[in-house]
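**Q** Protein sequences appear in the order of chains A and B.
Residue 492 in full-length UniProt numbering sits at position 492 of the first sequence, and the numbers go up by one each step.
Residue 202 in full-length UniProt numbering sits at position 202 of the second sequence, and the numbers go up by one each step.
One should not assume that every hint holds.
Computed list of lysine-lysine pairs in DSS-like fashion (alpha-carbon distance at most 25 Å, straight line) [said to hold, decoys possible]:
| hint | chain 1 | residue 1 | chain 2 | residue 2 |
| --- | --- | --- | --- | --- |
| 1 | A | 254 | A | 267 |
| 2 | A | 219 | B | 43 |
| 3 | A | 43 | B | 219 |
If you are wondering where the hints come from, they were derived from the structure by calculation, not from laboratory data.
2 protein chains.
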Amino acid sequence: MIGGGLVAYADSKSDHAIASSQVAPKKKVVVLGTGWAGTTFLKNLDSSLYDVQVVSPRNYFAFTPLLPSITCGTVEPCSIVEPIRKIIKKKGEIKFWEAECFKIDPTSKEVHCRADIGTNLDGNDEFLLNYDYLVIAIGARVNTFNTPGVVEHCHFLKEVEDAQKIRRSVMDCFERASLPNLDEEERKRILHFVIVGGGPTGVEFAAELHDFVTEDLSKLYPMVRDLVKISVIQSGEHILTMFDKRVTEFAEEKFQRDGIEVKTGFKVVEVSDKNITMANKSTGKMSVPYGMAVWSTGIGTRPVIMDFMKQIGQANRRALATNEWLRIHECDGVYALGDCATISQRKIMEDISAIFKVADKDNSGTLTVKEIQGILDDICIRYPQVELYLKSKQISDIVDLIKDSKRDVEKESIELDIEEFKRALANVDSQVKNLPATAQVAAQQGNYLAKCFNKMKDCEEHPEGPLRITESGRHRFRPFRYKHFGQFAPLGGEQTAAQLPGDWISIGHSTQWLWYSVYASKQVSWRTRALVISDWTRRFIFGRDSSRI
Amino acid sequence: MIGGGLVAYADSKSDHAIASSQVAPKKKVVVLGTGWAGTTFLKNLDSSLYDVQVVSPRNYFAFTPLLPSITCGTVEPCSIVEPIRKIIKKKGEIKFWEAECFKIDPTSKEVHCRADIGTNLDGNDEFLLNYDYLVIAIGARVNTFNTPGVVEHCHFLKEVEDAQKIRRSVMDCFERASLPNLDEEERKRILHFVIVGGGPTGVEFAAELHDFVTEDLSKLYPMVRDLVKISVIQSGEHILTMFDKRVTEFAEEKFQRDGIEVKTGFKVVEVSDKNITMANKSTGKMSVPYGMAVWSTGIGTRPVIMDFMKQIGQANRRALATNEWLRIHECDGVYALGDCATISQRKIMEDISAIFKVADKDNSGTLTVKEIQGILDDICIRYPQVELYLKSKQISDIVDLIKDSKRDVEKESIELDIEEFKRALANVDSQVKNLPATAQVAAQQGNYLAKCFNKMKDCEEHPEGPLRITESGRHRFRPFRYKHFGQFAPLGGEQTAAQLPGDWISIGHSTQWLWYSVYASKQVSWRTRALVISDWTRRFIFGRDSSRI
Numbered sequence: 001m002i003g004g005g006l007v008a009y010a011d012s013k014s015d016h017a018i019a020s021s022q023v024a025p026k027k028k029v030v031v032l033g034t035g036w037a038g039t040t041f042l043k044n045l046d047s048s049l050y051d052v053q054v055v056s057p058r059n060y061f062a063f064t065p066l067l068p069s070i071t072c073g074t075v076e077p078c079s080i081v082e083p084i085r086k087i088i089k090k091k092g093e094i095k096f097w098e099a100e101c102f103k104i105d106p107t108s109k110e111v112h113c114r115a116d117i118g119t120n121l122d123g124n125d126e127f128l129l130n131y132d133y134l135v136i137a138i139g140a141r142v143n144t145f146n147t148p149g150v151v152e153h154c155h156f157l158k159e160v161e162d163a164q165k166i167r168r169s170v171m172d173c174f175e176r177a178s179l180p181n182l183d184e185e186e187r188k189r190i191l192h193f194v195i196v197g198g199g200p201t202g203v204e205f206a207a208e209l210h211d212f213v214t215e216d217l218s219k220l221y222p223m224v225r226d227l228v229k230i231s232v233i234q235s236g237e238h239i240l241t242m243f244d245k246r247v248t249e250f251a252e253e254k255f256q257r258d259g260i261e262v263k264t265g266f267k268v269v270e271v272s273d274k275n276i277t278m279a280n281k282s283t284g285k286m287s288v289p290y291g292m293a294v295w296s297t298g299i300g301t302r303p304v305i306m307d308f309m310k311q312i313g314q315a316n317r318r319a320l321a322t323n324e325w326l327r328i329h330e331c332d333g334v335y336a337l338g339d340c341a342t343i344s345q346r347k348i349m350e351d352i353s354a355i356f357k358v359a360d361k362d363n364s365g366t367l368t369v370k371e372i373q374g375i376l377d378d379i380c381i382r383y384p385q386v387e388l389y390l391k392s393k394q395i396s397d398i399v400d401l402i403k404d405s406k407r408d409v410e411k412e413s414i415e416l417d418i419e420e421f422k423r424a425l426a427n428v429d430s431q432v433k434n435l436p437a438t439a440q441v442a443a444q445q446g447n448y449l450a451k452c453f454n455k456m457k458d459c460e461e462h463p464e465g466p467l468r469i470t471e472s473g474r475h476r477f478r479p480f481r482y483k484h485f486g487q488f489a490p491l492g493g494e495q496t497a498a499q500l501p502g503d504w505i506s507i508g509h510s511t512q513w514l515w516y517s518v519y520a521s522k523q524v525s526w527r528t529r530a531l532v533i534s535d536w537t538r539r540f541i542f543g544r545d546s547s548r549i
Numbered sequence: 001m002i003g004g005g006l007v008a009y010a011d012s013k014s015d016h017a018i019a020s021s022q023v024a025p026k027k028k029v030v031v032l033g034t035g036w037a038g039t040t041f042l043k044n045l046d047s048s049l050y051d052v053q054v055v056s057p058r059n060y061f062a063f064t065p066l067l068p069s070i071t072c073g074t075v076e077p078c079s080i081v082e083p084i085r086k087i088i089k090k091k092g093e094i095k096f097w098e099a100e101c102f103k104i105d106p107t108s109k110e111v112h113c114r115a116d117i118g119t120n121l122d123g124n125d126e127f128l129l130n131y132d133y134l135v136i137a138i139g140a141r142v143n144t145f146n147t148p149g150v151v152e153h154c155h156f157l158k159e160v161e162d163a164q165k166i167r168r169s170v171m172d173c174f175e176r177a178s179l180p181n182l183d184e185e186e187r188k189r190i191l192h193f194v195i196v197g198g199g200p201t202g203v204e205f206a207a208e209l210h211d212f213v214t215e216d217l218s219k220l221y222p223m224v225r226d227l228v229k230i231s232v233i234q235s236g237e238h239i240l241t242m243f244d245k246r247v248t249e250f251a252e253e254k255f256q257r258d259g260i261e262v263k264t265g266f267k268v269v270e271v272s273d274k275n276i277t278m279a280n281k282s283t284g285k286m287s288v289p290y291g292m293a294v295w296s297t298g299i300g301t302r303p304v305i306m307d308f309m310k311q312i313g314q315a316n317r318r319a320l321a322t323n324e325w326l327r328i329h330e331c332d333g334v335y336a337l338g339d340c341a342t343i344s345q346r347k348i349m350e351d352i353s354a355i356f357k358v359a360d361k362d363n364s365g366t367l368t369v370k371e372i373q374g375i376l377d378d379i380c381i382r383y384p385q386v387e388l389y390l391k392s393k394q395i396s397d398i399v400d401l402i403k404d405s406k407r408d409v410e411k412e413s414i415e416l417d418i419e420e421f422k423r424a425l426a427n428v429d430s431q432v433k434n435l436p437a438t439a440q441v442a443a444q445q446g447n448y449l450a451k452c453f454n455k456m457k458d459c460e461e462h463p464e465g466p467l468r469i470t471e472s473g474r475h476r477f478r479p480f481r482y483k484h485f486g487q488f489a490p491l492g493g494e495q496t497a498a499q500l501p502g503d504w505i506s507i508g509h510s511t512q513w514l515w516y517s518v519y520a521s522k523q524v525s526w527r528t529r530a531l532v533i534s535d536w537t538r539r540f541i542f543g544r545d546s547s548r549i
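This is chain A alone, in the form it adopts within the complex:
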């Protein structure tokens, strides 16, 4: 038996069957990326079931929501990162390779990796991994919308290194503006900090920078403090558009009081070394001199993903499309989650005839209320937009929705033919929305996928998912469902806005304390938790650090 197991193990590369006995080899899982999605997946995976390998150019997980705090020295870089090897060590036999995946080959089930780090390490740095299951969680890159000069002159705020560079650059600007041989115009230019993009990251950075200037730097650079200007350029009509109007209004008013200029309706069209040119529909182009610019306007696709999408016929998309189980439909055993993927939710109208057929158990050509209720749970799981639609219409039961199209009939004796059924559900798909590219979504996806992997074997035999509409039987798993726990928008001066589930809005100092406690509790390890809290304490006692290191 043991010998047989060993032979099977040696053959495992070409063996794609599901592990069904103790001696069968473990399936190979390759995870690309150690961000929110990848790390949460690894943390929750039962790694004894698989042969797991992780590839990432960063050997650590970074708590990205605190990146804006690093830019101004409120929190130290080491406090928000945790070595991935420490995280996986607790899980047993997971292998980690510090490298970048530059090609995914779904036909031969291989990923090509390159480790181009270090200076005097030689060129033989490419290697190949093969997989049974591939989990793509490599995130996104910055989207410059091909605006000229952005790559050369703007800072980004996606990685820890970016935040460290911004911090040095802010200090450079202050030191530079303090030099003896400049005129006032030039000092003003150098101290004009521009943030392009009025999303949560840009707004938080603007607020953090404002606090840094007023609370710390104004004491150290008294001769130039009145020359500082912070501007936020936003193409839309308002900043923080993903938040409720009350939050947006509060933020815009607070920024106005703080002297942070918010230029809405402006699109940046070019960045040179000293000027940012922007355009507005009514006023046309205008150019403003600046000292430092941070570009924070949404995300783009990484080259390796673009290449992969071309291979699988998903060219011209912004991100990898997966089904509701985070699986890529076009290839076997490949999953994608986090910022590099979007779930393309199946529309109910595409399946409406099949649904009718499945529900119509007596093949009568019409559906009774009882027949509809018999399939309702499965429908709601498979098509979450149904529930969202009912909620948006403030209807509690699907029967009430149906009743709308059959006004005159008693509830119990409703019978719908296929056209009436279609008409009742016609607008449901309008509730299909893409999930935002946030840490919260990525973490929930990682967690979900790990749980699926953990019960893969069980669910082969006892599927727990909804009815398959177009085929027979049931789906193995319930589809991924995002649960929104709310979102914070720190606005500076120890004030934070939060939009919590149920449209509950909370703004002010108490929300800042909520922010502190949520962010502390969400840390990946006790070490980073202790460090982040001690950094906050240090900031309260000693202020932020203004050394240019």
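Dock chain B against chain A, hints included.
**A** Positioned in the frame of chain A, the structure of chain B alone reads:
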């Protein structure tokens, strides 16, 4: 009177007279450098007496003795730096310019500075400062002894950035050596860490790295931990040659137990990307493969100092020569201290005739004991080698020294002619030694010079220095006298060796605690003190951080 003062102020560039009345303009002091010497000078200077300007490319002071701790994440960079603006803010009106001095012009009393930092700040970055007093404290640069390949392939350990780079590089080596596509030979090469130079910095880094590997990395990289090798290459016969033999022996034995290879008697002659070539008198050349090398072999002269030395006729020197008052003899109002300068101690034999003349008050051609004792204090202050010589001979009184050359005569009735006097003091100058290039020396010099500047006016009227031997009157100040408080050599494993004054040697765990308390107490601010202590605590609880940031 006020108008007159203003006029005088406007003329102050060409006015070199000492400020003698309240309305006279303040003298301009320009300080170059914010290391140990410059910062200690600034901290102790009464800046209300002068118009002070500071020029340094670094806007912070770094506690350099903890640099080796940064290389392995034991202490965080931000914990050992203090913004110079915070230090000078407490002192009142001191101006700081973040720039580099690239030319000193002692004739026109000007320094030329350049601020070449930042990316999109324009080219008009040179400016000129004029001074009445110039304090040069810009430290030294690394000395590669023109060894080929060192600049390209070796790390240094002089600045905070260097330490950060080393930290990243150590992690790179471990990640790289863990990759799947390498053979054992290559893994071994990558994990061979070479330290060139067996001085305190090199030895401390080797010890720190060894601890990092055994205490932290071996858990995270179990598959490569047995391949790690640390080597120290030292050209001399022993490491830590500036310490007592007992310390050297203990260190060498401890390193042997720890598996750190110490190659003494080897001089590195070439460094390529993968090999270090070294030569030994008996065995000839040999080449060893390595993964990372740290070059830590003494200090060299910065270009601006070399240029300055040429101008003032000090070419071919290693460092700026000053007199015992830290003043540069060749030019007016220029002082140099710290690693960029050495004190050239006046030899007593050069002045021996003049000393005899001054001492011989009755012009009798011979010196009585009383006459010698009358000048003895001044001699001991002016020529500290006298006291060192007496100490080395275990003689308590100079009269006993003289008695050696006049054996038959009673102590009270000794009379020396000039030849006998010369003979008695003939070997005294052998005790003249250069001070080591340490933080301790630089800090004491900064402190000394600040005190001199503070009492400049008083001392013009009431000089407190020793008798001028070749001229009349007294020196304004007592010359600088270095007081050695001992030196630490951390050897890893919570063991430190210390050589304290009076040749008191202390080795072991208790010395490590002495080290902790001395280094904590020597921090420049309460902020850095708190941070360093919290870093140490964090290391005890959570270990060192191994993220490659």
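**Q** Now tell me, hint by hint, if it's right for this structure.
**A** Results of checking the hints against the structure:
1. With a C-alpha separation of about 23 Å, the suggested pairing of residue 254 of chain A with residue 267 of chain A holds against the 25 Å cut-off.
2. The hinted pair formed by residue 219 of chain A and residue 43 of chain B meets the criterion: a straight-line CA distance of about 18 Å does not exceed 25 Å.
3. Between the alpha carbons of residue 43 of chain A and residue 219 of chain B the distance comes to roughly 18 Å, so the proposed pair stays at or under 25 Å and holds.
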